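Enquirer: Residues per chain are reported as follows:
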Amino acid sequence: MKPVVHFGAAVALLGRFPALAGVDLDVARGEIVLLRGPNGAGKTTLLRACAGLVPVVRGEAVVLGRDLRRDPRAVRRRVGLLGHATALHDDLTVEDNVRFWGRAARADAGDVEAALVVVGLDGDLRDVPAARLSAGQRRRASLACLLARRPELWLLDEPHAGLDAEARNVLDSLIAQAARQGATVLLASHELDRAESLADRVVDLVGGMTVSPPAAAASHPGVDQTAVEGLEPHRVA
Amino acid sequence: MTANPPDVTPDIPAHTGSRASRILGVAALAAIVLATLYGLVWSPADVEMGDSVRLMYVHVPTAVFCYVGCFITTLASGMWLWKRTPGWDVLAGAGAELGLVFVLLALATGSLWGRPTWGTYWTWDARLTSTALLAVLLVGYLALRRLDLDPTVRSARVPVLGLLLVPNVVIVSRSVEWWRSLHQRATVTTLDPQIDGDLLVALMTGFLAVGLAFAWLLLHRFRVGWLEYQAQRIDLDEAVAARRAEAARRTGASAAAPAATSPEPAEAVGS
Amino acid sequence: MWRDALLVAGRDLRIEARSRVATSQVAPFALLVLVLFAFALDPDTGVLESATPGLFWVAVLFSGLLALSRSAALDESDGVRDALRLSGLEPGGIFLGKAAAVAVQLLALQAVLAAGVIVLYGAEPSGVALLALTCVTGTAAVAATGTLYGALVSGLRVRETLLPLLLLPTLAPVLIGATRAFEAALGGDTLTRGWAWCGLLLFFAVLYTLAGALAYGVLLEGS
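Protein chains in written order, with this note's numbering: chain A, 1 to 237; chain B, 1001 to 1271; chain C, 2001 to 2223.
In isolation and in its complexed conformation, chain A is listed as follows:
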């Protein structure tokens, strides 16, 4: 079966700096892969390259069956990126934000509502302007924006940062649920204990290059098996 993500000796630039100097990566559908590495190793760049936001200038880069070197925009709608910077408009409320980004991706009101419920922002917080949210609440709101789009490939950059224990558990079960329902998850994290138990395997990134062979598949102890319904990834034609 064709991998969802395939990178071969890929080189990607940030400005003139080769943030990725030779990445080899294959991720199968439904896998949860953890990207591990020191700061500056290129984890964020790799995630953004998978979304087609950073151009790959050498090597191979195929995501969801589309060649990113030829057409970086091909997979945009089908991936969801949770990055360091949030895409929230400070003057809009949580609900306005999720609704805007959801509707931009052709989601309907039900998807938007479900996303708000899952992250726990469907109560009083939904009418709060984004500027007045705490860091953790902003994270959750950003996550809701991603959920409303129902992407096939999840790209999560340090998703646990700023979340309290309960929110982290919800996130972990969301990730596990998404993978079971056919989405593929690539996450970068410094929270190694939690992430390693969540992930199917680990890929190490140092100095812009993938280094060690994939670790053996691990079980998922301690992940709350709360089922989350109705958020299967869309298959966009």
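Because the hints were derived from the structure by calculation, they are not lab data.
Bear in mind that the values here come from a model prediction, so they are computed numbers and not experimental data.
Ideal placement from N, C-alpha and C gives every residue a C-beta, glycine not left out.
Be aware that one or more of the hints could be misleading.
Stated by the list, open to error - Cβ pair distances, simulated, as ranges:
| no. | chain 1 | residue 1 | chain 2 | residue 2 | range |
| --- | --- | --- | --- | --- | --- |
| 1 | A | Asp24 | B | Leu1104 | 53 to 59 Å |
| 2 | B | Trp1122 | C | Ala2132 | 35 to 41 Å |
| 3 | B | Thr1016 | C | Gly2010 | 52 to 58 Å |
| 4 | B | Asp1235 | A | Pro38 | 23 to 29 Å |
| 5 | C | Gly2046 | B | Pro1167 | 37 to 43 Å |
| 6 | A | His84 | B | Glu1238 | 25 to 31 Å |
| 7 | A | Gly110 | B | Glu1177 | 58 to 64 Å |
| 8 | C | Pro2028 | A | Gly110 | 39 to 45 Å |
| 9 | C | Arg2193 | A | Gly15 | 50 to 56 Å |
| 10 | B | Asp1235 | C | Thr2023 | 48 to 54 Å |
| 11 | B | Leu1104 | A | Arg132 | 50 to 56 Å |
| 12 | A | Arg132 | C | Gly2010 | 21 to 27 Å |
What the hints assert, rightly or not - Interface residues of chain C toward chain A, partial, derived using beta-carbon atoms under 8 Å:
| no. | residue |
| --- | --- |
| 13 | Leu2007 |
| 14 | Arg2011 |
| 15 | Arg2014 |
| 16 | Ile2015 |
| 17 | Arg2018 |
| 18 | Ser2019 |
| 19 | Ser2077 |
| 20 | Asp2078 |
| 21 | Gly2079 |
| 22 | Val2080 |
| 23 | Asp2082 |
| 24 | Ala2083 |
| 25 | Arg2085 |
| 26 | Leu2086 |
| 27 | Gly2088 |
| 28 | Leu2089 |
Given chain A's structure and the hints, the job is docking chains B and C onto it.
Expert: Chains B and C alone, transformed into the frame defined by chain A:
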């Protein structure tokens, strides 16, 4: 990397001259001498304008070649967006820079011509006004080029602005001319005088001289820009190699980087 | 694409409604410009009355710069730019939506300025159809051009100084045309010539709307 120090790499020439450019340069010098003789000595003064018409022999060609420079910039910007070969970007910059030099010359000579003719250095004549606006448009374009931008950002924004240059110039000059024509009294002493006979010959030599000088300058400016681009490409290969070496040091393993030393030809890296 | 435009326009206007920058800062600034002109040009000499059309449109341009700068700033932050690229929205639609939102704000602003000009300068409007249509086409021209140029300078540290430098020379024909059309409407010139100038504004608006819709995708990618 090789044992040679980078700045003595055989590929990089020591200067931008060549046989073709030397011939062109000599021809330009000859034409300038000829035009000077014709303009200042051999042609008679104009019946109405007197000796100040001699400034026209420089003013009109510089204005025309400024438009040529703008046209080159817009065309090259379009080609850059279409083909994505970096030479077009270099050409666009060269065209705009020369355009600015020549438009300032045109404004200066036009202003100097205005002093004896109208009594002032400046008047809101249609041509002078729209030429001044053209200068500002070029300054803006060059200001954007001068910023230290991420190559991806740069390769999108600079050519779009360059593409808009000629349409802007056309619309601005048409509007200004239409506007001023409502108020202008019919006058013989405009910046587009009727010139014929010996005076026309002088004007033609002026065109020849300015044109050859423009071509020579463009050639050299383009080559300098091209060398700058080449220097950046070499930097990329070095940077990739350095990053890999650092990665190898960090992991302690020998850098078994596959295909690291075979740079692919002419990657358009967006600068 | 039109659906996307509507969505983006709605977002921009909703942000404006929540933050009220246009009403609490840009409109007062526009009126302030009118007042400053009165200081500079001495109301007693009659210069102010005859210069009213030009001063009106200069005030529109300066206030427009503020509104356009803010519109560009909305989509400047890293997260929002990435999200826009990933969102699947048509870039042409994003452009049209943003330009439309700015146009709405500018039209509201012009209503305020018109009131200001009538009250402060004693202007007496006539030829209302020409005035109205000039306002609409002039606004469309400024909004479209400004949104395109806003995208050209968005995210740059020097955005505040570069935007006026690039935009104002480009908008010179709009200033010329709109002022002449207003002068014609107020009796200073034949109405036919006024309508001709209005036609120029329409041409300009259409040209830059097309250019912006086409170029916005390229500009969004190069971010």
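Enquirer: That 50 to 56 Å hint for Arg2193 of chain C and Gly15 of chain A (C-beta), does it hold up?
Expert: 52 Å, holds
Enquirer: Please verify that hint: Asp2078 of chain C, Cβ, nearest Cβ of chain A, below 8 Å or not.
Expert: With a closest approach of 4 Å, the Asp2078 of chain C hint holds.
Enquirer: Tell me if Arg2085 of chain C is really an interface residue toward chain A, meaning its C-beta lies closer than 8 Å to one of theirs.
Expert: 6 Å, holds
Enquirer: Return the status of the interface hint for Arg2014 of chain C: holds when the least beta-carbon distance to chain A is below 8 Å, violated otherwise.
Expert: 6 Å, holds
Enquirer: So, as I understand it, the hint says Val2080 of chain C touches chain A; can you test that by seeing if any CB pair is closer than 8 Å?
Expert: 5 Å, holds
Enquirer: Can Gly2088 of chain C be said to touch chain A, with a Cβ gap under 8 Å?
Expert: 4 Å, holds
Enquirer: Measuring from beta carbon to beta carbon, are Gly2046 of chain C and Pro1167 of chain B in 37 to 43 Å?
Expert: 39 Å, holds
Enquirer: Quick check on Arg2018 of chain C please, does its C-beta sit within 8 Å of some C-beta on chain A?
Expert: Check passed: Cβ of Arg2018 of chain C comes within 4 Å of chain A, closer than 8 Å.
Enquirer: Given Ile2015 of chain C was flagged as interface, is its beta-carbon under 8 Å from a beta-carbon of chain A?
Expert: Holds: closest Cβ of chain A sits about 5 Å from Ile2015 of chain C, inside 8 Å.
Enquirer: Answer holds if the nearest beta-carbon of chain A is closer than 8 Å to that of Leu2089 of chain C; otherwise answer violated.
Expert: Hint on Leu2089 of chain C: holds, closest Cβ of chain A at ~5 Å, below 8 Å.
Enquirer: Is the shortest C-beta separation between Ser2019 of chain C and chain A less than 8 Å?
Expert: 4 Å, holds
Enquirer: Just tell me: holds or violated, for the beta carbon distance of Gly110 of chain A and Glu1177 of chain B against 58 to 64 Å?
Expert: This hint holds: roughly 60 Å between Cβ atoms.
This entry satisfies every hint, going by the numbered hints stated previously.
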